[in-house]
Every structure is written in structure tokens, then in C-alpha cells.
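Got chain W; can you put chain R on it based on the hints?
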Amino acid sequence: MSDAILTETTPEAPTHSQLADIWRQFKSHRGALWGGGFLVFITLFVVLGPYIWPFDPQKLDIRAKDMRPVYIGLFSGAESTVKWSWWHPLGTDNLGRDLLAKLISGGRITLSVGWVAMLLALIIGATVGVLAGYFKRLDGILMRLTDLFLALPLLPLLLVMMLLFREPLRATFGTESGTFLLIVFVIGVTSWMQTARVVRGDILALKEREFVLAARSIGTTPFRMILRHLLPNVMSAIMVSATLGLATAIITESAISFLGLGFPPDFPTWGKLLSDATDRLQRFPERVIWPGLAISLTVLSVNYIGDGLRDALDPRIRGR
Amino acid sequence: MLTYTIRRLVLSVPTLLFISLVIFALLEFAPGDPMAQVPLTVPPEVKQKMREALGLGQPWPIRFGKWLYQFFVIEPMHLFDIMFNTTWAEGKQRVISWQTRGPVMDLVAQRMPQTLWVVGTAYIVAILVALPIGIYSAYKQYSVFDQAGTLISMIGFSVPPFFSGVLVIVIFSVNLGWLPSIYDTTHRVTDWDSFVVQFQQMIMPVMVLALQITGQISRFMRASMLDNLNQDYVRTARAKGLRERAVVMVHVVRNSMIPVVTVIALGIPAIFGGAIITEQVFKVNGLGQLLITAIQANDLPMVQTLTFIFAVLIVLFNLIADVLYGILDPRIRYE
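These protein sequence lines map, in sequence, to chains W and R.
Using this note's numbering, the final residue of the first sequence is 320, and nothing's skipped along the way.
Using this note's numbering, the final residue of the second sequence is 335, and nothing's skipped along the way.
Do not rely on the hints blindly, as some may be mistaken.
[Stated by the list, open to error] Here are the simulated distance ranges between beta carbons:
| hint | chain 1 | residue 1 | chain 2 | residue 2 | range |
| --- | --- | --- | --- | --- | --- |
| 1 | R | I62 | W | D61 | 57 to 67 Å |
| 2 | R | I62 | W | F185 | 22 to 32 Å |
| 3 | R | I327 | W | F135 | 30 to 40 Å |
| 4 | R | I182 | W | L150 | 56 to 66 Å |
| 5 | W | L150 | R | R63 | 48 to 58 Å |
| 6 | W | T175 | R | I182 | 28 to 38 Å |
| 7 | R | Y142 | W | N233 | 25 to 35 Å |
[Unchecked claim] Here are the simulated EDC-like cross-link-like pairs (lysine to aspartate or glutamate), alpha carbons at most 20 Å apart as the crow flies:
| hint | chain 1 | residue 1 | chain 2 | residue 2 |
| --- | --- | --- | --- | --- |
| 8 | R | K283 | W | D266 |
| 9 | R | K140 | W | D311 |
| 10 | R | K283 | W | D276 |
| 11 | W | K27 | W | D307 |
| 12 | R | K47 | R | E75 |
| 13 | W | K59 | W | E176 |
| 14 | R | K66 | R | E52 |
| 15 | W | K136 | W | E210 |
| 16 | W | K136 | W | E208 |
If you are wondering where the hints come from, they were derived from the structure by calculation, not from laboratory data.
Note that the Cβ used here is the ideal one computed from N, Cα and C, for glycine as well.
Just chain R, with the same shape it has in the complex:
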């Protein structure tokens, strides 16, 4: 298992390199000039200087290599510096955003908590709701509950978040006036009252995101339960006189969870991507909003770094899912 994990880790390095090259090439060979906004009255030699100041003077392989060095060596060193008060990265060139002229990673670190809070809570809520629905739907297949659960999960992954989000704003903010429609990220939780405010403003984004995830996971849990419920070991468990509760909740659920756990792990990076829209609807200034503003402002280093971070998340959680599968199911060992 360990050798498998190490081999997968090593294999993910070329994958990541290739993805970073694809992203870099896409931005590089796309038409459009970062200096297009500069007035025509600026003399060409000054323009050339500005170009070099943005790091655009050199041919692309050198710039790609520099970006890789900055992302994989200098930024981790900087993180190490902050954590342990060392001065390794002192004076080294970091990845700089063209918009703010500040390091990209500082902005990412600022925006990360908001996204993690909303997305993380939504994911946990969705799992807690989806698993019981999936289990009970499969146990009472074709019952009224199952039909209703199917309908709700179908609605969950058919209604796009930019509609369900707007809809809950209309209902709960505009008509009922119960919840704020904008997520205030400067809000600090200090006492009970401010906690209630934080809770209220999180309800709607979490609800919208969770509805989507619940649909997928509960469908998957149901299918996995149905595969297991007709197996021989279930009949054996019943035949030896186990209580129904123990048969379903211990024997069947544990075996059905194996594929579901990997699906949950695989879904996490997709949720970060999907949260872009939810963040836009509720004005959460998280990573997704940062990406959208960077795209609109033509801020290439920021776009490149953020997209690459999303790619790293996908590769990482693919790896985690594969390893988890091997750990949970001893029949599957990749040696």
C-alpha cells in the first residue's frame, strides 16, 4: 500500500507539470496584450521597460521555468518563513499580481478562509443529509419516500445554483426578510449575537451548495446500498438471527460506504469550482470571486496561479480517493 501511494505521488508530478504547462500555454498563446490599456502616447522604449517590469521580456520557456520556481520553491519557503520565523525567502521574487502589485499567495491566503467556511460547511451538511436519505431510499425501494427522495435529488442536480440561489434570496430575503442576501465577510464572531448573525448569513449559501451535493451523494449511496442488499452475506446475517437494524446499519451500510467515500473525496475539488457561481450570487469574496475579478482584469499571474491551485486540489483528492479505496476494501490492493 505504501509503495503504491509513493508511486502514485511520483506519478502525479508529471501530471501536474503537464497541467501547469497547458494553463501557461493557454494564457501565453492567447491573443490579447497586457499592455493594451497603456496610452498610445507612451514612447516604445518606456513600454519595453514596463513589459520587462511585468516579467514579459524573456522568451516563454524561461518565464515558465521561473514561474515554476516561484510557485514550487519560493512560495513554500515563504510559508515556512511565516510559520517558523525564519528568513529564507528574504528578497526573493514572489508571484506578483498585476492588479494589486502584491504577492498572489497573500491574496489567496486572505480569501481562502471564506471559501473554506462556506464550502466546508455545505459539504458536511450535504453528507449528513444525503447518507440517511440514500440508506432509507434503498431499504424501502420504490416506496413513497424513495420516489420523493429521487425527485428531490433530481431537482438538486438539475437546478443550477445561479437559479436556486436567486430563488432563495427572493423567498427568504425579499419576501420574508429573515436572512441577509449578502454574505458579509468582515463580520467577526465574538459573542453569541454575532454568532447568530454569522449563522444566519451562512444558511442560504450553504443550503444552495448542499442541495446540489446532496442530490449526487444520496443517489450514489442508494445505488450502492441496492447492490449490497441482495448479496448472500446479508441473507446469512439475517439467517443467523441478527436484528434487522444490525443487518442494515452495520453490515450493509459499511460495505456500501466504500465506493461512496471515494465519491465524496473526488467531489471536493469539483465543489471548489462549483462554488465560483454560488460565491458570485451571494457576494462571498472567496477564491471563486478572486478568480472572476482576475479574469475580468486580465491579471494573468493570478489566473494562472489560481487555476493551478484548483488543478492541484483535483490531483490531490484523486490520489486520496484511490488510497482510501485500497484501505477500506482489502480486496483491492494495488501492488
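Okay, chain W solo, but in the shape it has when bound:
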């Protein structure tokens, strides 16, 4: 008995950190885990793809046009007339360009547009939200601005902006980077409002807490206060809206491309591939299905990650 008291040591440090806690909760969300896995896979697919499958997506090979995918060729029997080849596992288009190579290069554009546009929306949204929440004088005007943006018909405006500014930007920055800049900018400035609202709400609540009062009492400047004390605490809200933003950015880019106002035909994004293939849908359904699956699965996995993150970052749920 007395031995036990004597050997008792000081209280141990918590056995797991907050980060480990979050990871544990995230792991228990099976959908989020699958989503994360798929996102890593598709990212590796488009990043490393050109090194593993080093064929030019623009190379015309008119003799190898309209090839069917390998799986159709294999199951169609020996004496069928289906054109297929091991060199084109997903088939080729009407000019003999390899579909797999096109998927890889399209995915690079689609995913990078998604990430950059999401980051832009996040930066604008977080800045507006923090400023509106922290500085009372800015609150009224910034929130009015947010409401105004929320009342804009976004998809029609996106299309109009794409139409009006496409040519001049292409002339200035070149076809690919001009369109890229425009799409990223247009998606970014039309999707920051939800982030701003959520961040502002969180900041307003945080501002009343004791640790902020304590920090202010030792003379912390507003800049340091925001950077050191407020931003880390709203990080979870920002990350959840980041996942939502990535999903909507990918869908919006594909929608613009589908409607023919996005990238020119030389730079086929997934949405452009899909829309180009709809005309010959009856004979070559695979040309629609593969890009469509790529978009849908990517967005689905990002949405599941968001769902898992929301659970993992919410301390009320995490304990359960």
C-alpha cells in the first residue's frame, strides 16, 4: 500500500496529442478514408501519369482512330471486327489520340484549376471573414458586400465573364495560361462568400473568450492577435469549407468546359473531353464514361473527406 504511494510519479503527459485524436476520429469515418485514398491515387495518377504513360495526348495517328478500349476488345470474341490494341488501353478518339493520355493531361488541368481556385476563394473568404468579425467598423460594409455577392446569379455571370474576357486574356497571356488565369479568378471571386460567413461567425464568438482578453491585456496588436490567436482557432472551419470549395471548383470548371466556354479544344479538361464525346455517344460511350467517372469520383471523394473532417475537427463529436 505504502509502496504504491511512494512509487506514484507525477501525472503523465496526455498519451496522445490533439492531432492524433483528430486522426483517430478521421480514421473511423470509413467514407473519408476511402475518399482520401482515392484523392491521393488520382493526384498521383495525373502527376506521375505522363512519366509512366509517356504518350503525347495531342499526337494524331489517323490509322489508329476510333479504337475501342481493351476490355471491349477482349470480350468481343476472336472473329469480331472491333478495333483495339494494347497500346491504347482506353481506346482512341476520332483523330487517333490516346484516351488515357488525354485523361492524364486533362486531369492535370482540372485538378490544378480546382486547387488554385479553391485557395483563392479561401484567402478572400478568410480575409473578409476575419476583418468583418474582428473590426466592428468594417463588419457592416463587408457583410453587405457578402450578401450582395450571394444575391448574384453565379452560373450565368460566370458564363458571361468567360465569354467577355476570354479573348483579350488569351491575347495577353497565351491561350493556356490566359484561360487558366481567367477560370481560376472567375471561380475564386464567386465562391468565397460561405467561407467568409462561417469565419466571421467563429471570430465573433472567439472574440468574447477570456484568452483573447488576456492576450489583449498584455498589449497584443490586432495583427498578432489575428495571426496567433484567432486564425489557428478558425482553422477547422476553414479546412471544412476548403473541401467544399475544391469540390465546387472542380464541378464549376467542368460545367464551364462542358458548355464550351472554358479551355480551347487543344487543352482538353475532363469536362471538355466529356462534352466533345457526347455527339458520338451511341457508338463510343466509353469516351463519355471515363472522364465523367473521373470528375464524379474525385468530387465524391473530396465531399467524403469534408464530411470526415467535419466530424474529426468537431470536439463535441470527437469524444464519442
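Then chain R, alone, in the frame of chain W:
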């Protein structure tokens, strides 16, 4: 409540004015010339005349004011004329499309029914499907049904309509041959057979739109139900011996519906925007298709008017949602 509604109505006027200014400025200061298509052989003074004929001669504030006057005064007067056979708007200049040289509003009135039919049916179907799914998922949280419902709603808002639409065309039109892939808007319903045709051609667009909306609403309904199911009043209702059915279907559902109703109201304008893509996939010549063709033809008055109509819808349904919230939940009264 009435004063609140009136105040909100008055406040929405500057919002709408600002939005119309933004749209006008965007079109105005964008590079690009409506006369770019005119051959170079046309002499400059003729070009100037053509410019004035399109209403481009004056500085922009005057044209903006004129457009506002046409949209808010002449067009409503014209509508009044048609409804009551008066001649108020006789001889007044209406908003003219550059494509067809006809009034923009006539085209909008022609295209509106198709969009309303498809979008409206999809919305009603989606609500009718989503609410039971949401209620049951929350009641049996983490059950197999709940997991499946979550998966389906996740798929619903992850799969973009331009893929799900094309996919159902491949399955039901190309492979099975059950349904037509193109929506025929000239079709008139006169008897049972033509009704069946109309029904068949509406299935796919409605299904595609409804899948998307169902995902959002059922998720929302589930979350709202979960918030309410653990509340004290539910325990009280059970303790006093109400049947489980009455507890859930009357007490919990009615309280959970409050936020969901506002979400439904808020979603209506977004659906009009989202229907642009669905209309394009199924070749429905509704408002969305009108907008796309106007954008491609550089028809600025049409684009401006249509975009503004979408903005009016958003502001209007925001207002409706706010007022509904106050009516449904007496704890929230904005005085």
C-alpha cells in the same frame, strides 16, 4: 412581422439596383464590339447610324437609366396591357434583342413554361423523395438505411448533371430504348397517349435534376431531425404515453421542418441556374438554353435581362425564406 416584411422589401430595392449596375457595368466595360461582325466595307457614318439604332450612341449612365426605365416601367405596363386589354404601353420602346430584333420579354415568356415544367416537377419530386429519406435516416441513425441514404445523397451532389444526364441517356435511350433522349417542347398534351409521351420525355430531365436536389434536402432534413430528436420535449412526449408515430411524425418532424422549409425556398433560384446544364443536355429550349445561345451570339440586352431576372428570383426567394422563417418559428420575430 408586416413591418419587417415591408422593410425587407424596401431594402431589396437598392440591392437589385446595385446588382443591375454590376451586370450592366460588366457587359459595358468588357472588351468586344457588337459591330465587330459588320464588314469593313461599310462606311463609318453608316456604322455610326447602326450603332445608334442598337441604342449604343449615348454615354453609359443614360443607357443604364433607359434600360432600368424599360425593364421596370414599360415591360410591366406591357404585361398589364396584355392582361387587361389596355393600351398604355402603345408605341413605347421595349427591351429589344439584337438576335431576333423582337422584344426580349416575349422570348422569355415563350421559354418560361418549359423551364418551369421541368424544374418545378423536379423540385416537387425531389422534396417528396427527400423528406421521408431524411426523416427515416435520422430516426435510425447509423443503420444500413442511413448509410445507404448518405451514400446516395453524397452521389447526388457529387455527380454533375452533365454526367448523370448523359449516363441516363446511354442507359435508357441508347441501350434500352425506353425513353426519348431529346425533350420535344412542341409536343402538346391533348389525350391520354400524348400525355404518356409527355410523361416519358420528362422522366429523364426530372430524374437528373431531382437526384441533385434530393441529396441536399435529405442531408439537411436528417441533420435537423437529429438536432431535435434528443430534445427534452421529445422525452416529455414519450413520457406522457404518446405513440412513437405521433412523437416522431407530429412533434419532431414539425419542428425539424422549420429550417428545411427555408432551405427549400432558398434553393429554388439556384435550381433555375443549375437547370442551364440539364436543359443543354436534354435539349430543352427553356430559359437556360436561351441564355446560352444569347451568350454565344453576343446578344447583350438578352444576356443582361436574363441574368437580371435570375438575380430578381434570388432576392425574392431570400425574402420569402426569411419571412417564412419568422412565420413558422414564433421565437424568431424580427421587429
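Structure-based check of all given hints:
no. : hint                          : in the structure
1   : R:I62 <-> W:D61: 57 to 67 Å   : holds, 58 Å
2   : R:I62 <-> W:F185: 22 to 32 Å  : holds, 31 Å
3   : R:I327 <-> W:F135: 30 to 40 Å : holds, 35 Å
4   : R:I182 <-> W:L150: 56 to 66 Å : violated, 35 Å
5   : W:L150 <-> R:R63: 48 to 58 Å  : violated, 28 Å
6   : W:T175 <-> R:I182: 28 to 38 Å : holds, 33 Å
7   : R:Y142 <-> W:N233: 25 to 35 Å : holds, 30 Å
8   : R:K283 <-> W:D266             : violated, 26 Å
9   : R:K140 <-> W:D311             : holds, 19 Å
10  : R:K283 <-> W:D276             : holds, 16 Å
11  : W:K27 <-> W:D307              : holds, 12 Å
12  : R:K47 <-> R:E75               : violated, 29 Å
13  : W:K59 <-> W:E176              : holds, 18 Å
14  : R:K66 <-> R:E52               : holds, 14 Å
15  : W:K136 <-> W:E210             : holds, 19 Å
16  : W:K136 <-> W:E208             : holds, 13 Å
Violation of the numbered hints given earlier is confined to hints 4, 5, 8, 12; the remaining hints are satisfied by the structure.
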